[in-house]
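Put together the whole structure using the sequences plus the hints.
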Amino acid sequence: MNRLLFENNFTYFAEPARLHPDEVTNQADHLKKLEKISCLLDASGVVILLNQYRQIVYYNEAFLEFIDMADHDTKKVIGRRPGEALKCIHSHRNEAGCGTSEYCSTCGAALAILAGQKGEKNSKECRITISNGKKDVSLELMVTAAPFSLDMQDFVIIFITNISDEKRRKALECIFFHDVINTAGGLHGLIQLIDINEQPPQTRNIIKDITDISNTLLEEIKSQRDLVYAENNELVIELRSVQSIVLIRETIKQFLNHQIAMGKILEIAVDSDNVCFNTDPVILKRILANMIKNALESSTKGDTIKIGVKKREKSVEFWVNNSLVMPRVVQLQIFQRSFSTKGIGRGLGTYSMKLLTERYLKGSISFQVSECEGTTFAVSLPLMEK
1 MNRLLFENNF
11 TYFAEPARLH
21 PDEVTNQADH
31 LKKLEKISCL
41 LDASGVVILL
51 NQYRQIVYYN
61 EAFLEFIDMA
71 DHDTKKVIGR
81 RPGEALKCIH
91 SHRNEAGCGT
101 SEYCSTCGAA
111 LAILAGQKGE
121 KNSKECRITI
131 SNGKKDVSLE
141 LMVTAAPFSL
151 DMQDFVIIFI
161 TNISDEKRRK
171 ALECIFFHDV
181 INTAGGLHGL
191 IQLIDINEQP
201 PQTRNIIKDI
211 TDISNTLLEE
221 IKSQRDLVYA
231 ENNELVIELR
241 SVQSIVLIRE
251 TIKQFLNHQI
261 AMGKILEIAV
271 DSDNVCFNTD
281 PVILKRILAN
291 MIKNALESST
301 KGDTIKIGVK
311 KREKSVEFWV
321 NNSLVMPRVV
331 QLQIFQRSFS
341 TKGIGRGLGT
351 YSMKLLTERY
361 LKGSISFQVS
371 ECEGTTFAVS
381 LPLMEK
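In my numbering, the protein residues as written are 1 to 386.
Bear in mind the hints are in silico, worked out from the structure with no lab data behind them. There could be a bad hint or two in this list.
Unchecked claim - Keeping only pairs whose Cα atoms sit at most 35 Å apart, straight-line, the calculated DSBU-like set for lysine-lysine is: (1) LYS208 with LYS76; (2) LYS222 with LYS121; (3) LYS285 with LYS264; (4) LYS76 with LYS134; (5) LYS264 with LYS362; (6) LYS135 with LYS253; (7) LYS167 with LYS208; (8) LYS264 with LYS314; (9) LYS208 with LYS222; (10) LYS87 with LYS208; (11) LYS208 with LYS135; (12) LYS33 with LYS121; (13) LYS170 with LYS134; (14) LYS222 with LYS124; (15) LYS167 with LYS135; (16) LYS362 with LYS167; (17) LYS87 with LYS124; (18) LYS264 with LYS253; (19) LYS310 with LYS253.
Unchecked claim - Here are the computed distance ranges between Cβ atoms for each label pair: (20) SER370 with ILE181: 39 to 45 Å; (21) GLU358 with THR25: 30 to 36 Å; (22) LEU187 with SER364: 16 to 22 Å; (23) SER164 with GLU198: 14 to 20 Å; (24) GLN331 with ASP209: 47 to 53 Å; (25) GLN259 with PRO382: 31 to 37 Å; (26) GLU102 with LEU190: 48 to 54 Å; (27) ARG328 with ASN233: 31 to 37 Å; (28) LYS170 with GLU198: 17 to 23 Å; (29) ASP303 with LYS167: 42 to 48 Å; (30) GLN202 with GLU358: 43 to 49 Å; (31) ARG328 with THR106: 39 to 45 Å; (32) PRO382 with ALA43: 50 to 56 Å.
As the structure is a computational prediction, the values presented were derived from the model and not from experiment. Glycine residues also receive a C-beta, built at the ideal position from the N, C-alpha and C atoms.
Right, dumping it as C-alpha cells:
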C-alpha cells in the first residue's frame, strides 16, 4: 500500500496527496530503464515524467538546463511537482504544494496535467512567475501532457516549450502596428484637410505627391501587419462583391507616384474581363500590389508591365507580366520565405502572395517563364457568385 503525505490536507484545486519520498525514489529507480531512450527524449526538448500524484519521477537533461540546476542533484528534482521544481511563486502558498492553491486553478500546466491523468493528450498555455532568488521572472510556456504507461503503472509525460519570446514578439507587433498605423493614418488625414484649390499650382503638385506617398506608406504598413497576422493564423477575411477591372485600377493607382514605377508603364490588357465576384478586396489588392511591385522591380525604364484578368469556367484569373526572363535558379526558390534576389532582409513579397492566396482566399498562384513573353505571375480564385 502506498504511503501518502498530505492526504487529508485542504486543497483549492488538485488532489493534495503525494507519495512518500522513499516510494518516489523507487519509482525513479525503476524508470532508469528509460535511459535507453534518453537520447530520443533529450531531442524532444524539455521532458519530465510525473507519477499519479503529479510528482517528478523522471526528467531529461534539457529540463535541468531549463531550471538552471547545474549540480544535477536529483534530490532537488525527484519527488517535486513541476511548479516546485520551476520555483513558481505560488507553489508553496498551500501546505500541500504545487497544484493545491487557489492560483493553481487557473494554471495551464495544472489543467494539462489533470487532463493527462484522465487519459487525454492536452496542450495548454501556462503563464508562470518564478523566483530565481534575486527577482521574479514571468514566463509563458506551452505545456503538453499525455498519458504514459510502463509496467502496469500510469504516468503522465510532460513536454514544456518556452514561448515567452514568441508571445512577447506578438504583443510588441500588435502595439507597434497599432501605433504606427494610427500615426501614419493621422498624417494622411491631416494632409487631406488641406484645401488644394487654394494653393498655387506648384504647391498643389507637392501636396498631391505627399498625399500619395502618405497613402502608400499607410498601405505598406498595413500590408506588413496583414502578413504577420496571416502567418499567425489571425487574419480575418471579409468577403464583398468586387469588379475585377475596378480592383486592378485601384491597385495600379498605388504606384502612380511610387519610386519604382518611375519611367515604366503600367498597362491593363485590352482583352481583360470585368468579372463581378465575391472576395476580400483588401487582401486581393495586397496580392496584386505585390505582383505588380515584383514586376516593376524586375523591369527597367521604358518597360511595360501588363496586368490583366480573365474569367474561366469556375474561376477568375488575375495576371501580371513583365519582359524579364526569370532565371531557372530563381524559379526553383521563388515562393520560399526570405528568398530574394534583392539582398538580405527581403523576400517576403512572393511568399506573402502564395500565403494569402492559398490559405485565405482559397485560390492558387503560379508563374510561367518564356523567352518570348518574359515572366507572368497568375492568381486564380474560385468564382463565387454574388
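Verification of the hints:
Restraint check for LYS208 and LYS76: the C-alpha separation of about 70 Å exceeds 35 Å, so the hint is violated. Restraint check for LYS222 and LYS121: the C-alpha separation of about 38 Å exceeds 35 Å, so the hint is violated. With a CA separation close to 20 Å, the supplied pair LYS285 and LYS264 stays within the 35 Å bound. In summary, the hint linking LYS76 to LYS134 is supported, as the alpha carbons are separated by about 19 Å, within the 35 Å threshold.
Between LYS264 and LYS362, the direct Cα distance comes to roughly 32 Å. Compliance with the 35 Å bound is thereby established for this hinted pair. As the CA atoms of LYS135 and LYS253 are separated by approximately 55 Å, the hinted pair breaks the 35 Å bound. With a C-alpha separation of about 41 Å, the suggested pairing of LYS167 with LYS208 is violated against the 35 Å cut-off. Taking the CA atoms of LYS264 and LYS314, the gap is about 34 Å. The hint holds against a cut of 35 Å.
Distance restraint check for LYS208 and LYS222: the Cα-Cα separation of roughly 21 Å lies within the 35 Å cut-off, and the hinted pair is therefore satisfied. Between LYS87 and LYS208, the direct Cα distance comes to roughly 61 Å. Violation of the 35 Å bound is thereby established for this hinted pair. The straight-line distance between the Cα atoms of LYS208 and LYS135 is roughly 55 Å, outside the 35 Å bound, and the hint therefore fails. For the given pair, LYS33 sits about 24 Å from LYS121 by alpha-carbon distance, which is consistent with the 35 Å threshold.
With a CA separation close to 28 Å, the supplied pair LYS170 and LYS134 stays within the 35 Å bound. Restraint check for LYS222 and LYS124: satisfied, since their Cα atoms lie roughly 31 Å apart, inside the 35 Å limit. As the CA atoms of LYS167 and LYS135 are separated by approximately 21 Å, the hinted pair is consistent with the 35 Å bound. Taking the CA atoms of LYS362 and LYS167, the gap is near 28 Å; set against the 35 Å cutoff, the hint holds.
For the proposed pair LYS87 and LYS124, the alpha carbon gap of about 19 Å is at most 35 Å, so the pair holds. Distance check on the hinted pair: LYS264 and LYS253 sit about 14 Å apart at the alpha-carbon level, within 35 Å; holds. Straight-line distance between C-alpha atoms of LYS310 and LYS253 comes to about 20 Å, which keeps the hinted pair within the 35 Å bound. For the pair SER370 and ILE181, the beta carbons lie near 41 Å from each other, so the given range of 39 to 45 Å is met.
With their beta carbons about 54 Å apart, GLU358 and THR25 fall outside the hinted range of 30 to 36 Å. At roughly 38 Å, the beta carbons of LEU187 and SER364 sit outside the given window of 16 to 22 Å. Our hint of 14 to 20 Å for SER164 and GLU198 is violated, since their Cβ atoms are close to 55 Å apart. For GLN331 and ASP209, the Cβ-Cβ distance of about 37 Å falls outside the hinted range of 47 to 53 Å, so the restraint is violated.
For GLN259 and PRO382, the hinted distance range of 31 to 37 Å is satisfied, since their beta carbons lie about 35 Å from each other. Between GLU102 and LEU190 the beta carbon distance is about 51 Å. The supplied range of 48 to 54 Å therefore holds. Range check, ARG328 to ASN233: about 33 Å between beta-carbon atoms, so the 31 to 37 Å window is met. In this structure, LYS170 and GLU198 break the distance hint of 17 to 23 Å, their C-beta atoms being roughly 46 Å apart.
For ASP303 and LYS167, the Cβ-Cβ distance of about 45 Å falls inside the hinted range of 42 to 48 Å, so the restraint holds. The hint said 43 to 49 Å for the Cβ distance between GLN202 and GLU358, and at roughly 47 Å that hint holds. For the pair ARG328 and THR106, the supplied restraint of 39 to 45 Å is violated, since their beta-carbon distance comes to about 56 Å. Checked against the hint of 50 to 56 Å, the pair PRO382 and ALA43 fails, with Cβ atoms roughly 42 Å apart.
In this structure, the earlier hints numbered 1, 2, 6, 7, 10, 11, 21, 22, 23, 24, 28, 31, 32 are contradicted, and the remaining ones agree with it.
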